[in-house]
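Participant: Sequence:
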Amino acid sequence: MLSFSPGSDLIEAREQLRALVDGVLAKLRAGVLPTLAEREKVDCKEEAGRRGRGGSLLVGEPHNQEAARQLANEVTCMANTPGGGALLVGVEDRTGELLGAGLDAEWLRHRVYEHVGIAPAVEERRVDGVRLLVLYVAEAREPVEDLNGRIRWRTGGHCVGVDRAEWWLHRQLSVGHDPMAQVTQRTEADVSPGAIAVARRYLAAADSKALAEIGGTAGDLLRSLGVLRPDGRLTAAGALTFCPADRNHIALSVWDVEGGELLSGPRQMAGLSLLEQVALVDERLDTLNKAIRVDSRTSFAHNYVRQLPPGAVREAVLNGVVHRDWMQSEPVAVTWIEEDSAIQVVSPGGFAGGITSETALTQRYARYPSLADLFRALHMVEKQGLGVDRMYRDMVALGHRPPLLREVAGPRVQVRLVGGPPVVPVMNLMGAIRPEIRQRDVKVALIVHTLLHEPFTTAVELTRVLQRGEVEAAEALETAADCVVGEAALITRYKDVWVLTDEAVAVVEKSAGGEVLRRRGVLPYRRPDLAGAEKVAQRWLASHDRYTSGDHSALTGLTQTGSRGQLERLERAGLLVRGEGSGRSAHFVPGPALGGHEALPGA
1 MLSFSPGSDL IEAREQLRAL VDGVLAKLRA GVLPTLAERE KVDCKEEAGR
51 RGRGGSLLVG EPHNQEAARQ LANEVTCMAN TPGGGALLVG VEDRTGELLG
101 AGLDAEWLRH RVYEHVGIAP AVEERRVDGV RLLVLYVAEA REPVEDLNGR
151 IRWRTGGHCV GVDRAEWWLH RQLSVGHDPM AQVTQRTEAD VSPGAIAVAR
201 RYLAAADSKA LAEIGGTAGD LLRSLGVLRP DGRLTAAGAL TFCPADRNHI
251 ALSVWDVEGG ELLSGPRQMA GLSLLEQVAL VDERLDTLNK AIRVDSRTSF
301 AHNYVRQLPP GAVREAVLNG VVHRDWMQSE PVAVTWIEED SAIQVVSPGG
351 FAGGITSETA LTQRYARYPS LADLFRALHM VEKQGLGVDR MYRDMVALGH
401 RPPLLREVAG PRVQVRLVGG PPVVPVMNLM GAIRPEIRQR DVKVALIVHT
451 LLHEPFTTAV ELTRVLQRGE VEAAEALETA ADCVVGEAAL ITRYKDVWVL
501 TDEAVAVVEK SAGGEVLRRR GVLPYRRPDL AGAEKVAQRW LASHDRYTSG
551 DHSALTGLTQ TGSRGQLERL ERAGLLVRGE GSGRSAHFVP GPALGGHEAL
601 PGA
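Residues in the sequence shown are numbered from 1 upward in steps of one, following the UniProt record's numbering.
Calculated from the structure, these hints are not laboratory results. These numbers were taken from a predicted model, which means no experiment stands behind them. Worth double-checking, as some hints may not be accurate.
[What the hints assert, rightly or not] Listed below are the simulated EDC-like cross-link pairs for lysine to aspartate or glutamate, each with C-alpha atoms no more than 16 Å apart in a straight line: (1) Lys290 to Asp340; (2) Lys45 to Glu92; (3) Lys45 to Asp93; (4) Lys27 to Asp128; (5) Lys41 to Glu66; (6) Lys27 to Asp93; (7) Lys27 to Glu123; (8) Lys45 to Glu97; (9) Lys290 to Glu339.
[Said to hold, decoys possible] Derived CB-CB ranges, DEER-like: (10) Leu58 to Gly350: 28 to 36 Å; (11) Leu147 to Pro179: 25 to 33 Å; (12) Gln16 to Gly194: 46 to 54 Å; (13) Asp128 to Gln328: 33 to 41 Å; (14) Gly83 to Val516: 21 to 29 Å; (15) Gly161 to Val32: 25 to 33 Å; (16) Arg126 to Asp482: 46 to 54 Å; (17) Leu147 to Glu571: 53 to 61 Å.
We put the beta carbon where it would ideally sit given N, CA and C, even for glycine.
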């Protein structure tokens with residue numbers, strides 16, 4: 001009797017793939033051409049961008065962006081292929097010559113993930129002294145588009161296009177398939193014409209690439225979305241989305257304040273498809289989410305902004321619809337709070353796939369991959385599960401609090417967004433960040449948000465905010481430090497912490513007075529009163545053994561004289577105690593009233 005341990009089948013599959021790579025390498029060393037040596041699951045690749053004039057081979061670059069994009073496209077092909085596969089990088093495609101790979105393995109893995117949402121395992125190999133890279137790619141749970149919007153998989157020795165319907169048909173035949181990919185008895189005749197009209201409307205509002213899917217018959221559209229099988233029957237995801245429902249799948253209520261007066265209750269939508277119900281709720285929320293005129297001093301894209309970012313509102317609703325537990329019959333409850341400019345979405349079923357409130361920003365999991373893929377194909381949600389990232393970014397870029405995502409009793413998942421008038425100084429700072437692409441970087445946005453409310457931060461502290469490890473948080477800080485505002489950096493190091501630069505602070509302070517900023521909770525540590533000075537000192541001393549007037553000046557923007565005077569007042573209040581030393585060695589330690597002890601000799 002054979003024993004079994006969890007994950008042993010995955011380890012065995014990886015070893016089998018590694019053996020295939022070894023076999024291909026052995027054939028290449030024996031002079032066999034790549035076209036004959038390659039297998040369906042192993043593809044040889046030369047790094048893009050390695051050829052100069054006349055085809056001469058250039059030195060490999062560790063951060064070759066062109067090669068990263070090339071390999072990201074090939075990774076999607078392998079991910080869409082049943083069983084996944086491997087890319088052997090550093091081999092001349094036609095002759096099989098071992099050219100070597102110059103790419104940094106960890107950098108490449110991260111760049112591929114940024115491009116297509118897949119992080120392959122990257123292994124270095126040395127063959128006859130030549131460094132090669134092997135990218136091991138696991139099979140995807142749902143079709144993955146490459147950077148050109150194509151879905152491809154590997155057939156024989158080539159990557160070829162495949163439509164969504166064929167991909168899901170194959171997936172249904174494999175072990176552990178998604179129940180939403182199951183075939184139903186519903187056909188095109190059962191589809192609501194209104195749902196088809198809504199689908200065309202969403203596609204038309206997307207981009208030019210989606211326009212090709214709008215024309216043709218309803219059947220053509222359903223097939224392009226991957227929900228109509230060759231035998232004419234709909235998948236469960238297609239039937240749920242396009243066929244009339246016998247009940248409300250979404251219930252929208254509008255209140256003046258929480259626990260106050262109900263302004264409008266849920267509309268009865270039985271008889272409408274899920275897609276039609278989503279569209280009606282979307283339209284109603286668009287009306288409720290009023291536009292506010294702003295006076296921004298940068299080239300920020302809006303003269304008017306909504307009380308809540310429309311993309312964040314839609315993501316909150318669709319996240320609840322797509323990822324809910326569809327085995328439960330209750331609707332997704334959407335609540336709009338008029339006076340708070342807030343929306344709350346509560347969806348049946350708790351978090352799934354190991355996601356928690358502490359990992360929702362960075363972890364990706366779809367309870368029903370085919371349903372999630374359908375809404376991506378309709379261009380209603382972000383590709384590769386990036387909607388939550390965008391929801392965070394869009395909220396903090398306007399000065400709002402980050403979204404609240406948590407599991408509540410039921411279990412249910414609650415998403416809450418609180419908006420209102422934007423904080424224009426925050427908008428001005430975000431709009432001044434260069435390069436401009438970093439204005440769309442959720443990590444940079446969250447770092448700026450943190451430093452607008454805290455005097456300093458560290459990589460360790462940011463692990464909770466960014467929901468990433470310490471190494472990734474440190475990399476994010478370096479990325480933010482490479483950004484500029486005007487002629488200066490966005491953030492800078494001060495001793496062992498990171499702070500906003502004076503130039504970044506000036507952009508914010510020029511937009512509003514200190515009192516206005518404090519009311520909005522922005523830069524509360526700048527030129528503080530005594531109570532604020534106590535908070536800054538306490539914050540520093542929580543992770544440092546001493547506090548100087550220079551530290552206080554750097555964190556608060558006060559002059560050295562002003563900082564020294566404020567610390568002496570804290571000393572008289574028993575909050576600080578002067579340590580041993582004078583001149584450059586002068587410093588303070590926590591006093592009894594701050595939870596510290598009397599200074600000891602040498603402190």
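Participant: Hints first: check each against the structure and report whether it holds.
Facilitator: Going through the hints against the structure:
no.	hint	result
1	Lys290 to Asp340	12 Å, holds
2	Lys45 to Glu92	7 Å, holds
3	Lys45 to Asp93	6 Å, holds
4	Lys27 to Asp128	14 Å, holds
5	Lys41 to Glu66	23 Å, violated
6	Lys27 to Asp93	14 Å, holds
7	Lys27 to Glu123	20 Å, violated
8	Lys45 to Glu97	11 Å, holds
9	Lys290 to Glu339	12 Å, holds
10	Leu58 to Gly350: 28 to 36 Å	53 Å, violated
11	Leu147 to Pro179: 25 to 33 Å	31 Å, holds
12	Gln16 to Gly194: 46 to 54 Å	50 Å, holds
13	Asp128 to Gln328: 33 to 41 Å	59 Å, violated
14	Gly83 to Val516: 21 to 29 Å	60 Å, violated
15	Gly161 to Val32: 25 to 33 Å	28 Å, holds
16	Arg126 to Asp482: 46 to 54 Å	33 Å, violated
17	Leu147 to Glu571: 53 to 61 Å	60 Å, holds
Hint compliance for this structure: hints 5, 7, 10, 13, 14 and 16 are not met, and every other hint is.
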